[in-house]
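Residue 99 in this note's numbering sits at position 90 of the sequence shown; the count goes up by one each step and never skips.
If you are wondering where the hints come from, they were derived from the structure by calculation, not from laboratory data.
All figures in this text were calculated on a predicted structure; none of them were measured in a lab.
Be aware that one or more of the hints could be misleading.
Restricting the straight-line Cα-Cα distance to at most 16 Å, the calculated cross-link-like pairs of lysine to aspartate or glutamate (EDC-like) are [said to hold, decoys possible]:
| hint | residue 1 | residue 2 |
| --- | --- | --- |
| 1 | K57 | D81 |
| 2 | K67 | D195 |
| 3 | K275 | E72 |
| 4 | K164 | D195 |
| 5 | K164 | D148 |
| 6 | K49 | D81 |
| 7 | K202 | D184 |
| 8 | K202 | E189 |
| 9 | K49 | D83 |
| 10 | K228 | E72 |
| 11 | K67 | D83 |
| 12 | K49 | E72 |
| 13 | K228 | D85 |
| 14 | K124 | E253 |
| 15 | K149 | D112 |
| 16 | K228 | D195 |
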Amino acid sequence: MANSGPFPSWDSFPNWDALSSFWSSTAGSALTGGPAGAYKSLFDTLRKQVVGRRMTVKLTSGEMTLTVTAIDADLDMRSLSVGQLNTVSISAADIVWNGWQFDRATAVLHNTHIKPSNTPVLVAAPLDLTIEMSTNALDKMIDRASSLPGRAAPKLLGRIDAGGVAQIRWARRPDIGHLEVGATIDGSTLLVKPRMVALRRARWHLPNRLPAYRIQLPKLPRELAPTSVSFSPQTIQLTGRMPEWRVAVPRRRIEEILNQLNQVGKALNLSWLGRGL
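Generate coordinates for the entire structure from the input sequences, incorporating the hints supplied.
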């Protein structure tokens, strides 16, 4: 539910001027506009600090390196006055996280609002995440699955053709043929099911009763459930949804973020965002 009713903004905390060294004179003057002006100034300042910047973020699950490419929001001053930010979209590229590489990712925070309390709480419900990765990541997932104890399997390669059809090939002889597969999501597992086998110019459709091959997906933040997988030329797209995401954002954390962003080359510590991130 969106917040309705007056919200005690960060202006209510003493010594807001402590942030003035990080804000332009334009942003600083906007604070006189009350809560709505403060929220918009803070949003604009954070966006200017991070968009286009290559940065390392420390999470409880490890470090993530990425380039933030866009932060967008449909901000309305009337809604902002009661802490409502509506839909917020954050996009990043060239992401490295826990040994995995992702080409692009976009998080869309729906019904984003600041919940009134002594300590402000940022809430989004739901949060949708879309991740795009190259076939190199598919190769890595296949390799990990085939290397599990008790499994003896030849090295395989993943490929997605120009029509968006996923293929698996034998690494030693990728030219002799391939297996065309479809994929679905089952919890945190990718179910890869063979549909057709191609050898040279011959092609055979496979019976639907053949079992699916189970491949473990990269570990996602807690409560973020994978929802779909799709293929496009040379790219795999995974989507996931978190029913609700919330985090306390007291003024000291805002100050810490701005302090860290102001120091070029320093990792941004966001381990307080949640134990599962």
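Tested hints:
In summary, the hint linking K57 to D81 is supported, as the alpha carbons are separated by about 12 Å, within the 16 Å threshold. Annotation: proposed proximity of K67 to D195 is violated, straight-line Cα distance about 29 Å (limit 16 Å). Annotation: proposed proximity of K275 to E72 holds, straight-line Cα distance about 12 Å (limit 16 Å). Only pairs whose Cα atoms come within 16 Å are accepted, and K164 paired with D195 is rejected, the gap being roughly 24 Å.
With a CA separation close to 9 Å, the supplied pair K164 and D148 stays within the 16 Å bound. For the hint pairing K49 with D81, the CA-to-CA distance comes to about 12 Å; that is within 16 Å, so the pair holds. Restraint check for K202 and D184: not satisfied, since their Cα atoms lie roughly 21 Å apart, outside the 16 Å limit. Taking the CA atoms of K202 and E189, the gap is near 9 Å; set against the 16 Å cutoff, the hint holds.
Using a Cα cut-off of 16 Å, the hinted pair K49 and D83 holds, with the two alpha carbons roughly 11 Å apart. Restraint check for K228 and E72: satisfied, since their Cα atoms lie roughly 14 Å apart, inside the 16 Å limit. Straight-line distance between C-alpha atoms of K67 and D83 comes to about 28 Å, which puts the hinted pair past the 16 Å bound. At most 16 Å may separate the alpha-carbon atoms for a hinted pair to count; K49 and E72 exceed this at roughly 29 Å.
Between K228 and D85, the direct Cα distance comes to roughly 36 Å. Violation of the 16 Å bound is thereby established for this hinted pair. Restraint check for K124 and E253: satisfied, since their Cα atoms lie roughly 13 Å apart, inside the 16 Å limit. Among the hinted pairs, K149 with D112 is consistent with the structure: their alpha-carbon atoms are about 15 Å apart, no more than 16 Å. Using a Cα cut-off of 16 Å, the hinted pair K228 and D195 holds, with the two alpha carbons roughly 14 Å apart.
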